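Chains as they are written, first to last, in our numbering: chain A, 333 to 648; chain B, 333 to 648; chain C, 333 to 648.
Calculated directly from the structure, the hints in this document are not laboratory data.
Since we're looking at a predicted model, the values are computed, not measured.
Watch out, some of these pointers could steer you wrong.
If several chains are the same, the list does not tell them apart, and a pair holds so long as it fits within one copy or across any two.
DSS-like mimics (lysine-lysine), calculated; alpha carbons at most 27 Å apart, straight line [stated by the list, open to error]:
1. 369 with 495
2. 448 with 404
3. 585 with 369
4. 467 with 493
5. 491 with 579
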Amino acid sequence: MKQFISIKDVTDVDALVEEAFSVRLNPYLNKHLGNNKTLGLIFLNPSLRTRLSTQKAAINLGMNVMVMNLDKEGWALELEDGSVMNGSGVEHIKDASAVMGQYCDIIGIRCFPLLKDRKQDYSEQLLTQLIRYCKVPVISLESATLHPLQSFADLIMIKDKWKEIRKPKVVLSWAPHIKALPQAVPNSFAQWMCRSDVDFVITHPPELELAEQFTTGARICYDQNEAVADADFVYVKNWSAYQDYGKIIHPDKDWFLTPERLKISNQAKIMHCLPVRRNLELSDALIDGPDSLILQQADNRLWAAQTVLKKILENI
Amino acid sequence: MKQFISIKDVTDVDALVEEAFSVRLNPYLNKHLGNNKTLGLIFLNPSLRTRLSTQKAAINLGMNVMVMNLDKEGWALELEDGSVMNGSGVEHIKDASAVMGQYCDIIGIRCFPLLKDRKQDYSEQLLTQLIRYCKVPVISLESATLHPLQSFADLIMIKDKWKEIRKPKVVLSWAPHIKALPQAVPNSFAQWMCRSDVDFVITHPPELELAEQFTTGARICYDQNEAVADADFVYVKNWSAYQDYGKIIHPDKDWFLTPERLKISNQAKIMHCLPVRRNLELSDALIDGPDSLILQQADNRLWAAQTVLKKILENI
Amino acid sequence: MKQFISIKDVTDVDALVEEAFSVRLNPYLNKHLGNNKTLGLIFLNPSLRTRLSTQKAAINLGMNVMVMNLDKEGWALELEDGSVMNGSGVEHIKDASAVMGQYCDIIGIRCFPLLKDRKQDYSEQLLTQLIRYCKVPVISLESATLHPLQSFADLIMIKDKWKEIRKPKVVLSWAPHIKALPQAVPNSFAQWMCRSDVDFVITHPPELELAEQFTTGARICYDQNEAVADADFVYVKNWSAYQDYGKIIHPDKDWFLTPERLKISNQAKIMHCLPVRRNLELSDALIDGPDSLILQQADNRLWAAQTVLKKILENI
């Protein structure tokens, strides 16, 4: 594997999941792989699961890890090419990237969208420039539009739980929130589900259509009840509008799921990427209930990260 | 040892001190113990000694360490059970705890009190929830009400210096300050001294009575001169009021200790947990004088932490 | 080597550069040297290159590294001796230093000037007290007046590129900026060039004379064209005024270098320590052009740091 920015960097999705299972079974087997190899973990935004699981994954592989909150510990970044840097940017992303690439064998970066300018966010300007200038393999720790380590962990979770021959019905169900959240998790989940052997449905209010480039192949349904009927997995997640970019939508009908409302499902397993605002996005009863996979999902973040790092290390 | 939250987690205090002496004598002897074990150090407040000494202790035992300033690098925490999270809290402590427990073998946490609501602080809500949900051993790096790693280091210090057969007279002496400081260090020191073979006296202005649950067994004395007379060790420390909770007290008489005022002691050794506001809490002359144990105390923080980690690792 | 605060800590500059070349050739040869040795990296200011390169250098030598943003993660420092600490300072530098020295075998520190009070900055009060009280070898990661790791890397760069018998002409050329920058990089570069076998010229507007203690031996020239004529290396760098201390100078004539204006040089190699404000300090064309050494300079930061750490470890 040369980088891990989206599912497009994965040749064989099923084989990658299988590899994750064997990594999980024997986490310290490949400790030699990371010998004298350094992972730089660069954060421009908060992170709990990604920060700790990726660090731990690298340690399990014998790598050195350098963690840096680039926004707080480094210099303010300039992104525009050719600009006269007489504003707030102190260092150009191309210079910071080239330098980090000299000290690191692999770079992971978290760079959220600003949710102001869709074209800007969806151009993945920062990530793209990092890849171009650092010249080492880059792993997305959640970019403006995608969160592939999360989606990979989610797929591991589904494959781990689903043992029937028929395809599972997997529903991505929009949930309410009070802040404008990125579309990265739903975009990425859609992208991975559309490449997997599942019956995939996305349900949300009409104003919350996701970018088509990520949802092609998915069934879109504006009626949550219809969507969750007979569902085997329900992935609950809020996102802000893609059309009216970054807008917080308060839909007419209630999109908040409860055990009561999931009775029409096939005793669906409940998924969420965390952090979750309890009783706003999802009820305590569902999060803590017997069908919740939420904590196991977080655990799988470790195996997703370790599998990706292993594949990249094998290719360096 | 299953956790290290207070002295109640210690079965044999004397044996633990003895173990600390042998750890100090041979710091790298147990480097195998931490193999493939990860310590998560979670800070919600500033820390110098605790941050560095616990990290170093873990390294000496061959552990991996992941340090995280949860308040700045992660998500704002919600503590209330069952609340609708439509306020500032982004992630519930129970979810953050469960997740961190999946990536770490031991978790250390620093969570100071807010000093606004005594009942809230003394309930140790955050620490208690972490312990309940993370499911791995937890070490307090100073909680709302206690700082056991400090007190253990303090006891190591006293045992190291005191070679006479009679019990030493150990005095905890309140000192002035301009900020409202927690009661964690004096509470904890009292708790440890009351379990140790010393003659223990606490001296402070009447308004500064500590919580009885921690001082049972101690002699309380409102006259500083009487208290320090014949003292062998004087532990100087400020705290804000427990009764009129969090209030900064400016007592009538002067509680600031100087070499002059300690002439009535038995050439008492001077202790302080640091950081110290020089010439406000304690005079330069005492901090830097020949009877000061203050820097050695800080050094013992390392051996206290390493001994605690060792005992927990042996029990995992 | 006992410490690395300025070139005065180096006995044989040429030998040190030679050692850097062999370290670069065989980076993992001395991994045993750092066994059970801990480097504390203490930052009071932002850092990208220094933070990552010094960390990586220590890892290459088998050391443990503890990184701490002392200003944000620790306690506010008091610097004045004998003061009554009833202000904003929570911990005296002498106490913090003594404590850090107990947990670390080597301490690196970054402490920028405030650019308000020249006497204060040039006294290097914080660095000096750290050295005095921590009692372990100290490495400057850029202090108020000097940045020796940068200058050492710069010299490695020049020696690496210059193969002719005649001395190269090396020009330090002031460049415009919108913020008040320290004089540490130019002071330090001057100090190293004056000890090296080069023809060294500093060019700047008259108001921007550097402190004589660092420039003795250098030729000062207020005419940039005259200075860069026949130059083999041009080191571009902004600094604020030393005389009218900390003032941002907007000189009459244009000091911004372009390929056009460097035609009179001997196809000079372009150097800059980074971060660089593109098209304000230096044009894109020069930074990204075929004669730019800027990224290689940053790479040499790693070898400079590793060589210094190696020399100190050999002496512990």
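message = With identical chains, the pair residue 448 and residue 404 could be close in the same copy or across copies; at 27 Å between alpha carbons, which is it: within, between, both, or neither?
response = Result: close both inside a copy and across copies, 22 Å intra and 23 Å inter.
Within, between, both or neither, where residue 585 and residue 369 count as close if Cα-Cα is 27 Å or less = For residue 585 and residue 369, the Cα distance exceeds 27 Å both inside one copy (52 Å) and across copies (49 Å).
task = Please work out whether the CA atoms of residue 491 and residue 579 approach to 27 Å or closer within one copy, between two copies, in both situations, or in neither?
result = neither (34 Å within a copy, 57 Å between copies)
query = When no copy is specified for residue 369 and residue 495, does a C-alpha distance of 27 Å or less occur within a copy, between copies, both, or neither?
reply = neither (38 Å within a copy, 33 Å between copies)
ask   = Should residue 467 paired with residue 493 be assigned to within, between, both, or neither, using CA atoms and 27 Å as the limit?
value = between (38 Å within a copy, 23 Å between copies)
Comparing the model with each numbered hint stated earlier shows that hints 1, 3, 5 do not hold.
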